[in-house]
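Participant: Start from the sequences and build out the full structure, keeping to the hints where you can.
Number of protein chains: 2
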Amino acid sequence: MTSSPEPTPSPARERRQRVQAAETGMAVLKGLAHLGGRSSLTALSAHVGESPAKVHRYLASLMEEGLVLQDAASQHYYLGTEAIQIGLAAMRQADPIRAAEPCLIRLRESLEVTCFVAVMGNKGPTIVRFEEPGLPVTVNVRVGSVMSMLWSATGRAFLGLLDESRVLALAEQELGDATPDMRAQLDAKDPIGELRREVRQAGCASVKDTYLRGISAVAAPVYDYAGRVSAVITALGATGGFDPAVDGPIATAVRREARAASTLLGAAA
Amino acid sequence: MTSSPEPTPSPARERRQRVQAAETGMAVLKGLAHLGGRSSLTALSAHVGESPAKVHRYLASLMEEGLVLQDAASQHYYLGTEAIQIGLAAMRQADPIRAAEPCLIRLRESLEVTCFVAVMGNKGPTIVRFEEPGLPVTVNVRVGSVMSMLWSATGRAFLGLLDESRVLALAEQELGDATPDMRAQLDAKDPIGELRREVRQAGCASVKDTYLRGISAVAAPVYDYAGRVSAVITALGATGGFDPAVDGPIATAVRREARAASTLLGAAA
Chain P
1 MTSSPEPTPS PARERRQRVQ AAETGMAVLK GLAHLGGRSS LTALSAHVGE SPAKVHRYLA
61 SLMEEGLVLQ DAASQHYYLG TEAIQIGLAA MRQADPIRAA EPCLIRLRES LEVTCFVAVM
121 GNKGPTIVRF EEPGLPVTVN VRVGSVMSML WSATGRAFLG LLDESRVLAL AEQELGDATP
181 DMRAQLDAKD PIGELRREVR QAGCASVKDT YLRGISAVAA PVYDYAGRVS AVITALGATG
241 GFDPAVDGPI ATAVRREARA ASTLLGAAA
Chain G
1 MTSSPEPTPS PARERRQRVQ AAETGMAVLK GLAHLGGRSS LTALSAHVGE SPAKVHRYLA
61 SLMEEGLVLQ DAASQHYYLG TEAIQIGLAA MRQADPIRAA EPCLIRLRES LEVTCFVAVM
121 GNKGPTIVRF EEPGLPVTVN VRVGSVMSML WSATGRAFLG LLDESRVLAL AEQELGDATP
181 DMRAQLDAKD PIGELRREVR QAGCASVKDT YLRGISAVAA PVYDYAGRVS AVITALGATG
241 GFDPAVDGPI ATAVRREARA ASTLLGAAA
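Protein chains in written order, with my numbering: chain P, 1 to 269; chain G, 1 to 269.
Don't take every hint at face value.
Stated by the list, open to error - Here are the simulated DSS-like cross-link-like pairs (lysine-lysine), alpha carbons at most 27 Å apart as the crow flies:
no. : chain 1 : residue 1 : chain 2 : residue 2
1   : P       : LYS30     : G       : LYS54
2   : G       : LYS30     : P       : LYS30
3   : G       : LYS54     : P       : LYS54
4   : G       : LYS30     : P       : LYS54
5   : P       : LYS208    : P       : LYS123
Hints were generated in silico from the structure; no laboratory data involved.
Remember, predicted model here, so these are calculated numbers, not experimental data.
Facilitator: In C-alpha cells form, the structure reads like this:
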C-alpha cells in the first residue's frame, strides 16, 4: 500500500475518507498548544469554537492518551509528557534542506537569481542544494562547495548569527591565513566583531566582489525550533545586475523566504 | 465549569464521556512519534494494531490538521510543523518542581528521610520544595536556602552534571573564599575536576559531614527533554542512621526517583 503511487482522490472523496472526530481532537490539542500549552476549559472552548461540554469529552480522551493533564488545584488543562515526545520526534524530522527547497524555487522564479542553501559542515558553510535560473551567471560553486567564513555572504550569515565556538575558530583560522589584499577588505581593528555586528543589525549578510570577482550575494539565516541557525539561504548574481543592498528587493525576498523556512522548522515567528 | 471541583465520575461513565475516534487518532499520532517521527503506512499500522485502511483514514485527518506530512518520493508519513508547536508548548509547561513532587513524597514515605528538590538559582542551588518525615532530623536548610556548590551533595550534583559556565564560576568563587579547613576536604591538585569526575561516574553526589556537621546526603539529577539538568533531588539524614554510599539503598532510590521525574519532563530513558 505504501510503495505504489495512488491516483489523487477528489477533494470530496478525500473528505469522506477522513475522520471528523479525530480532526476535532487534533484541533483541541492544537488549540491548547496555541494557548501556550495550558488553559481553562472555558478559554479553550472559546478558542476552538466548540461547546465546553463537547471539548470536555475530547479532553477526557486526550488525558486517556497521556497527551493532556489536569491541574488539581486550578482545574486547568495542560500538555503532558506524550506531547513532549511527539514534539521531540517531529523536531528530529525537521529538515532545513527540505524546508528551504520551495524557498529556493520561489526565489529563482520571482527574481531570476542563482540561489542555494548551505549548512555548517565540519570544514565550514557547505552548499547542499543549488538552483539556477534559465540564464545562469557562471560561478565556480556548486553542491558540496565549502564557502569562506569571512568573505562570502553565506559564511558571514553563519558568523554573525550562529553562536558556536567552532564557527569563530574557523573564522579566526581564515583570518590568520588571509593575504594582505583579502585582509584589507575587512575592518582593521576588529574584523570579525565588525562583521558580526553588521550581520546582526541587518538580519542578513551582503557582499559585493569580496569572494568571487564580479559576483554579489545576499544571505539570510534559517532558524530551527530552538532558535539556532540551522541553514543559510543565499542569492547571488553578476555585480551590476544584482542589488546586494540589505534593504533592497533581493535582500528583502531572501529574508522573507528564510523566515518561511524557519516557520516550517518550528521557529518562533 | 472550571472553577468548582466536580465529583469524580465512575470509570464507566468516564469511558462513555470520551471519544473513541479521537483516541484512535491520538494513538496514530503517538505511534508515529514512537517510530521516530517517520514511518511507512505498513509499519505504522502494525505498530498501532489497526488495519492499513483504517490508519490511512486517520492519517488523512492528521494531515488535514497539519500534524503529519507525506513524503512524495517514499510515501512515508512524518510529523510536521504543528507537531513541533505542540511539543514546544508542552516543554514550556514541563515543570521540574511539579514532576519531582510525587518523588519526594515517595522517598519520605519509603525511607523516612528528609528530602528536597533544588534548582539552579542566580546565587546557586536553591531549595524550592521540601518534605520531612514524622520525626525529622533538625537541619538549618529550608525552602529558599541556597546550597554550597562544593560542599553540599546538591551543589556537587549540579557541578558534576550541569555543564554551564555560571556553575563553574560559582564553584571557583567558593573555592577562592574557602577556609583552609574546608579546602582540606577536597582534592589538593584538582578540587573541582575531581568532584565532577566522581559525580559523573556515580550518576549522583554523596556527602558525609562536609556541609552540615552530623548530616549525610545523596543527590541525583533530574534531566529535561533537552538532556539538561533542570533540578536535583536530595535526601539527607543524621550521619550514622543514614547510608550515603552511592551504591546503597538510599542512593539507589534517589536516582530511581530522579529518573522518574526526568521521564515526566520528556528526558530520553
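Participant: If you draw a straight line from the CA of G:LYS30 to the CA of P:LYS54, is it 27 Å or shorter?
Facilitator: holds (23 Å)
Participant: Sort out whether P:LYS123 lies within 27 Å of P:LYS208, counting only the CA atoms.
Facilitator: Measuring from Cα to Cα gives roughly 23 Å; hence the hint holds.
Participant: Going straight from one Cα to the other, do P:LYS30 and G:LYS54 come out at no more than 27 Å?
Facilitator: holds (23 Å)
Participant: Are the Cα positions of G:LYS30 and P:LYS30 separated by 27 Å at most?
Facilitator: Within the cut-off at roughly 15 Å; holds.
Participant: Are the Cα atoms of G:LYS54 and P:LYS54 separated by 27 Å or less?
Facilitator: holds (24 Å)
Checked against the numbered hints given earlier, the structure satisfies every one of them.
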